[in-house]
Each structure stands twice: as structure tokens, then as C-alpha cells.
Amino acid sequence: MNRQHAAWWFLTPALLVLGIFFLLPVIAALGLSLTDYDLYALADIRHLRFVALGNYWDLLHQRKFWSALGHTFYFVLVGVPLSIAVSLCAALLLNSPLVRFKTFFRTALFAPVVTTVVAVAVVWRYIFNTKYGWLNYVLGLVGIHPVDWLGDPHWAMPSIILFAVWKNFGYNMIIFLAGLQAIPRDLYEAARIDGASAWQQFRHITLPMLGPTLLMVAILTVSGYFQLFAEPYVMTEGGPLQSTTSVLYLMYNEGFKWWNFGSASAVAFLLFVIMFVVTALMLRIGRRGEAA
Amino acid sequence: MPEPSRPGSTVTNRTVRCLRVLAVLLLAGCSSSNDSRTLTFWTIGREGEAVVKLLPEFEREHPDIHVKVQQMPLSAAHQKLLTAFAGDSTPDLSQLGNTWLPEFVALRAIDPLQRRVDASTIVKPDDYFAHIWSTNLVDGELYGIPWYVDTRLLFYRRDLLKAAGFDTPPQDWAQWRQMLAALSHPDRGIYGILLPTNEYEQLMSLALQQPESMLRDGGRYGNFRSEGFKRALAFYVDTFHQRQAPAITAVEAGNPWEEFGRGVYAFYFSGPWNIGEFRQRLPADEGEWATAPLPGPDSAGVGAAGGSSLVVFRHSKHKDDAWALIEYLSRPDVQQRFYDLLGDMPARRSAWDGGSLRTDPKVQAFREQLEHVRATPSVPEWEQIVNEMQLVAAQAVAGELTVDQAAEEMDRRADRILEKRRWILDHPRAAKAAP
Numbered sequence: 001m002n003r004q005h006a007a008w009w010f011l012t013p014a015l016l017v018l019g020i021f022f023l024l025p026v027i028a029a030l031g032l033s034l035t036d037y038d039l040y041a042l043a044d045i046r047h048l049r050f051v052a053l054g055n056y057w058d059l060l061h062q063r064k065f066w067s068a069l070g071h072t073f074y075f076v077l078v079g080v081p082l083s084i085a086v087s088l089c090a091a092l093l094l095n096s097p098l099v100r101f102k103t104f105f106r107t108a109l110f111a112p113v114v115t116t117v118v119a120v121a122v123v124w125r126y127i128f129n130t131k132y133g134w135l136n137y138v139l140g141l142v143g144i145h146p147v148d149w150l151g152d153p154h155w156a157m158p159s160i161i162l163f164a165v166w167k168n169f170g171y172n173m174i175i176f177l178a179g180l181q182a183i184p185r186d187l188y189e190a191a192r193i194d195g196a197s198a199w200q201q202f203r204h205i206t207l208p209m210l211g212p213t214l215l216m217v218a219i220l221t222v223s224g225y226f227q228l229f230a231e232p233y234v235m236t237e238g239g240p241l242q243s244t245t246s247v248l249y250l251m252y253n254e255g256f257k258w259w260n261f262g263s264a265s266a267v268a269f270l271l272f273v274i275m276f277v278v279t280a281l282m283l284r285i286g287r288r289g290e291a292a
Numbered sequence: 001m002p003e004p005s006r007p008g009s010t011v012t013n014r015t016v017r018c019l020r021v022l023a024v025l026l027l028a029g030c031s032s033s034n035d036s037r038t039l040t041f042w043t044i045g046r047e048g049e050a051v052v053k054l055l056p057e058f059e060r061e062h063p064d065i066h067v068k069v070q071q072m073p074l075s076a077a078h079q080k081l082l083t084a085f086a087g088d089s090t091p092d093l094s095q096l097g098n099t100w101l102p103e104f105v106a107l108r109a110i111d112p113l114q115r116r117v118d119a120s121t122i123v124k125p126d127d128y129f130a131h132i133w134s135t136n137l138v139d140g141e142l143y144g145i146p147w148y149v150d151t152r153l154l155f156y157r158r159d160l161l162k163a164a165g166f167d168t169p170p171q172d173w174a175q176w177r178q179m180l181a182a183l184s185h186p187d188r189g190i191y192g193i194l195l196p197t198n199e200y201e202q203l204m205s206l207a208l209q210q211p212e213s214m215l216r217d218g219g220r221y222g223n224f225r226s227e228g229f230k231r232a233l234a235f236y237v238d239t240f241h242q243r244q245a246p247a248i249t250a251v252e253a254g255n256p257w258e259e260f261g262r263g264v265y266a267f268y269f270s271g272p273w274n275i276g277e278f279r280q281r282l283p284a285d286e287g288e289w290a291t292a293p294l295p296g297p298d299s300a301g302v303g304a305a306g307g308s309s310l311v312v313f314r315h316s317k318h319k320d321d322a323w324a325l326i327e328y329l330s331r332p333d334v335q336q337r338f339y340d341l342l343g344d345m346p347a348r349r350s351a352w353d354g355g356s357l358r359t360d361p362k363v364q365a366f367r368e369q370l371e372h373v374r375a376t377p378s379v380p381e382w383e384q385i386v387n388e389m390q391l392v393a394a395q396a397v398a399g400e401l402t403v404d405q406a407a408e409e410m411d412r413r414a415d416r417i418l419e420k421r422r423w424i425l426d427h428p429r430a431a432k433a434a435p
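If you read the protein sequences in the order shown, they are chains A and B. If you use my numbering, the first sequence closes out at 292, no skipped numbers anywhere. If you use my numbering, the second sequence closes out at 435, no skipped numbers anywhere.
Simulated from the structure, these hints should not be mistaken for laboratory data. Some hints could be false.
Claimed, not checked - Listed below are the simulated PhoX-like cross-link pairs for lysine-lysine, each with C-alpha atoms no more than 20 Å apart in a straight line:
id, chain 1, residue 1, chain 2, residue 2
1, B, K420, A, K257
2, A, K257, B, K80
3, B, K68, B, K317
Unchecked claim - A partial selection of chain B residues facing chain A, derived with a Cβ cut-off under 7 Å:
id, residue
4, A106
5, L107
6, R108
7, N198
8, I248
9, T249
10, E252
11, L282
12, Q384
13, A394
14, A398
15, T402
Said to hold, decoys possible - Distance windows between CB atoms, simulated:
id, chain 1, residue 1, chain 2, residue 2, range
16, B, A86, A, Q62, 17 to 27 Å
17, B, H241, A, T107, 49 to 59 Å
18, A, K64, B, V264, 28 to 38 Å
19, B, D187, A, K64, 34 to 44 Å
Given the structure is predicted, the values throughout are model-derived calculations rather than measurements. Virtual Cβ for every residue (Gly too), placed ideally from N, Cα, C.
All chains, full assembly: derive it from the sequences and hints.
This is how it looks when you write it as C-alpha cells:
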């Protein structure tokens, strides 16, 4: 037995586990997405029809899929940059030598990440309440008319984004903080001696040195935000007028509410393809940025 | 082993002995639970809390049966029941909303009950509200015994109506519209009625008052384009457009009881469970609010047949015991106690003739309407269709669609959902399984 064979033997347990618990379900789901598996098929397997790409074709012709996709992109395109910017600002502030009680602030800002979505959603629903909400009360003090945050189809998604950013920014903040602490101090010292302003230091030292961290954080956040589900589920139930129904929410409804597993699997695979393409694009852009 | 005892062996022996004792204990545990058979009974929502108070008497009458109650929250019940069916772990009996019944019949998950009813001295079909009983029939076959009933009607503020010059609740839509107009002051945040735009029950009740069914050709196609449905939809949508109801969802409505008490809404379109809620939350001047049958296009009193039934699952090993429990829960005196515990209205007329139900003025409107309720179309896809109906109706309320466009869109969605049903009905080999 040569070395390579031995290596494969050592890998077998891990591969088996991966194969049984990951690869097999994925292949099964792909198979499922080519059929119209539903309640009737569950009752009697003879009611199962092979529809090839019918589910995909059907989805691409449904307005509700496109609007769900639109809502998801809205959430990703606004939510991800906002989330990263907030995380980065918080990390920069925490990293500043002027800040006191660093441990306290670090814990406090990280706290939303470890809270349960359902529990904090109750609090946020009160904050967003049109009549009694704290947010409208504060806006009222500066003379802004009350906004129906979760009831107006135009404001529901921004409210969800605000909630999601608040809930998640602490996680990226910790990663950024680690990245910032890894930047050698002497670079800043040299820049100061050369007379660089704070902005120039940030632009020409901090950002380039944080490049790989930024890319990783961006990819993680994008793939996380594409899977928007819990926030609308607990805050708006996908409404009003389905303005917060994401692709994953659509899949949940199709699969677990109406038991149409065929079309739910098709939704899952379409989302997978979209996420795969977006992540691949980001990696390519990231690499080009590094090379330049 | 040839070798004589080694130091370690005593420990091993002791372990073995312990294990043996444990095994005996475990076996004893099993056999004792075989003596008293265990029934698994799944309930949905708050019924579970109340029913456990009724069970000790049942277990006294049947000492060999032990009932294990599992409560499911309403939001998760449907999914949990289907998962249990897929995983072959259904309970012995369960509470089941009567609109879900056709679905579980299509799955062939529940047992027909006509034979048992024929032999029973307790469950008497004549004593049940006829239209409620008929919701438990799928293709002429009986699958559930009505447990409690509900129908949505009007709660109204008598004092507010009187102040506006109306001495009696509305009888038809024209009167209702007049009252809504007189009682709405949207500029002050006061509306005639609360109709949460994410709840389908209100529009569905109005639609059931119409002569045409919401599905046609034996449940093969949507029939939302019928004149009757459009009339109901137009009335519903107009209520919002004339600003007699706020276009909000139940999530935003928050605490409707308090707002009803403060006079934000003069009418509240809801079901029997709210009698208890209102009594609890507005105790001071109870005389101010009352209930009235739902006004129809021409006369009042027709509504949706709702409620829950008790069903026995096909894979149950204790079907006779499950039936004994159903009979016990169907006894008029037990139904009365159930009403006193929870406010769930009995499905049997004789239970209404005694106890607190006979004298309570708030429940009389329900009794009246229960004689004239109508069943929803009995197809497994109904829940999904009616959800889509409400999504489209909410778009019409928001002004994105006209009544005609909305009706067409509802038909389109219903037809798409019913595609599989049509295929099965028209497919000779598979036809037998469809309800």
C-alpha cells in the first residue's frame, strides 16, 4: 500500500460522513426538483410525475418568484454595504487608542449577535409600532410625521434591513477588529512622520491592509444575507403585500406550508445558482484587486 | 473463560448484575404500560390546556386507558401533522380543523367513522348542527366528529350605534354600509370596523353568503369570477376605499380588544373565542357590547362553518379506545364543561339547552348563525387557495388591482394550484385516491 492509498483510507470516514449527510441529500433534492412531489405523491407514489425542468420553467414565469428575487436583491444590495460600513466604523472606533472601557463596548456591541431573533423581534416590533413606537416618538420630536414602518410596503423592507444590520454587525466588527490589530503600528508611525492626515492613513494603510479581511467578510455577509428568512418571518410574515417575502421565504411556503417539495427544491437550486455566481464574481473581482 | 477470577472480575460481575436488574426494571416498566393502554391525543392551541382537566374523569371511567395529550401551537400544527404522517408517527387521535379534513382524507391518513357512529348510543348525528356535520363528510364518507364549532360574526358597540341613531344591528349590507359610514371618522383615527388584511376569514365569510361556490366543476377550477364573489369582493374592498376600515394587518393592529373598548372600532368581525377575551379585557361595562349575526346581501345570519373535529388515525393501534375518548368528549355534559373551561362552543344542540349557554345573551347570535353556516369547498388545496385569495384581495385593497382584475388573478392562481387535482381526477389509474 503506497502513501497515497493510505491517505485515502484516512480520509474515508470524513468522506463517508460528507457523502451521506451532504452530497446524498443534495442529489436527492436535485432529483426532487425534477418531479412534482406533493401531498398527493406523499399519499400514493403513483401520483408522482416526472416534470424535467417544468418546475424551473414554471417558477421563471411566476411573478411571485421574480418579486421575491427582487426583494432579496434589495435586501442584499442595501443591507450588505450598510452592514459592512457599520461594522467597520464600530471596529475603527473600538480600535482607537482614545476609547476607554473597550471590553465593555466590545461586549455590548457584540450582544445583539448572540440574542435570539424571535426575542429581539418583539422589542423591535414595539420600536417600529406606528402609534406607540419609540422610533416614531423620536421622529415626532423633530417634527416628522409618523411612518407606518412595518405596515407600509415601501417602508417594511428598510425596517427589516435596519433590524438585520443591528442584529448582525457585531459579528463582522469582531473580525474587523482582529484585522485592524494585525496591522503593524510602524506603518502608521511612518505615515505620520511623512505628514499623512487621518483620512490618508485610513485610505492608504488601513484599507489595503484590511483587503483580504474585507473580501472574506463581504462574501460571508452576502451569502448570509441572500438567505434572508428569520427577520421577515418574525417581523412581518412576509407582508405587507408580500413586500418582505424573500426567495427563502417563498421556498419555505412552497415546501413546508403547502408541501410542494418539487417546486420548493427548484427554488432552493435557483437560489444556490444565483449565490454561486455572485460569490464567484466577488472572488474574481477580489483577486483582480489584489493583483493590481 | 478458563482462567479463575482476577481482581477486576468482581467489578465486572457487579456491573453485569446491575445491568440485569436494570433490564428487569425496564421490562417491568414496559409491561405495566401494556396493561394500561396509552392513547396519544394531539390538540391544537389552547384546547390542550382545557382538555387535560376533562381527562381524569375519562380515566376513572376507563381505568385501563391512559391518555397522553400533546399540545401543538396553531401555527405549527399543520406542518407537524403532515410530518408525522410522512414519518409514520401519527397519534391515535387528534383535533383537526374541519377545513384541513379533506387534505388528510386525500392522504388516507384518517379512518372513516360512519360504522362507529351507527353503533354508538352517544354520538347522534341529528343532534349536531347539520352544516357543521356535513363539513366532516368527504365524498359522502364521514371522517370526523365535530368537537367544537365556530363561525365569524359581528361584535358591535351597542352604545356607539345607539349614539349614531341605530337601535338594532345591521340586517343587510346596505344597512351595514350606512352604519359604517356614520361611525367612521378616519381623520380622527376612528373606523367602523377592523378587517385585518392578512386574514382571509372575513372575505371568505362574505363570499360564502353568495349563491355561487368559490370553485366549480367539482373543485377543478376557481370560480372567483362569478357575480356573487365579485359582489362580496367589491363590498370588502369598498369598506377600505371609503375609509371605513384601516388597511392594516393583524400584526399592526396589535391589541384590537383595547381599541374596540376605546371605541376606535365600532364593529369587530370575529369568532366565539373573543367573547371570553372581551369579558376578560373589558370587564367594567359589559352591557356596552353585543354580538349579532353577520349581515348578508339581503338578510343576516349566514356565515362560514368553522371549528374542529376529532379524528382517528388509520395507523392507530387503539382505535376502539380512541373512539371511546371521542364518545366521552362528545357527551353533552362534557361539552358544556368544555365550554365553561375555554369558551369553545359545543357542536351539539342539546349541549346548548342547558348550563351557562342557555342564558348567556352573547352566545345567542352564534347559535342562530350556526343553523345557517355554509361549508367551504372540500378540496385538499383549499387552505392554499384561500390564502392566495387573500393575498390578491390585499392587492385590490391597496388599489393595485380592480375588483375584476383581482377576481381574474384569483382564478388564475386557483387553477394553477388545482392542476394536479384535475390530473388525478381525470387520470383513470390514480382516480380512486382523490377525494
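Per the CB criterion, is B:A106 less than 7 Å away from chain A? Constraint on B:A106 satisfied, holds at 6 Å.
Would you settle whether the hint for B:I248 is holds or violated, based on the nearest Cβ-Cβ distance to chain A being less than 7 Å? Given a least distance of 5 Å, the restraint on B:I248 holds.
Minimum beta-carbon distance criterion (7 Å), B:A394 to chain A: 6 Å, holds
Starting from B:K68, check that the Cα of B:K317 is at most 20 Å away, please. Given that 20 Å is the threshold and the Cα spacing comes to 15 Å, the pair holds.
Is it true that B:A86 and A:Q62 lie within 17 to 27 Å of each other by Cβ? Holds - the Cβ-Cβ distance for B:A86 and A:Q62, about 26 Å, lies within 17 to 27 Å.
Closest C-beta approach of B:A398 to chain A relative to 7 Å, hint status: Interface hint status for B:A398: holds (6 Å vs cutoff 7 Å).
Between B:D187 and A:K64, does the C-beta distance stay in 34 to 44 Å? Holds - the Cβ-Cβ distance for B:D187 and A:K64, about 36 Å, lies within 34 to 44 Å.
May I ask you to test the interface hint for B:L282 with respect to chain A, counting a Cβ-Cβ separation under 7 Å as satisfied? 19 Å, violated
Interface hint check: B:R108, Cβ to nearest Cβ on chain A, cutoff 7 Å. Holds or violated? Status holds, d = 6 Å.
Status of the B:E252 interface restraint (C-beta, 7 Å, chain A): 5 Å, holds
Between A:K64 and B:V264, is the Cβ distance one that fits in 28 to 38 Å? 34 Å, holds
Hold the hint about B:T249 up to the distance rule: shortest CB distance to chain A must be less than 7 Å. Holds, about 6 Å.
Comparing the model with each earlier hint shows violations of hints 11 and 15; every other hint is respected.
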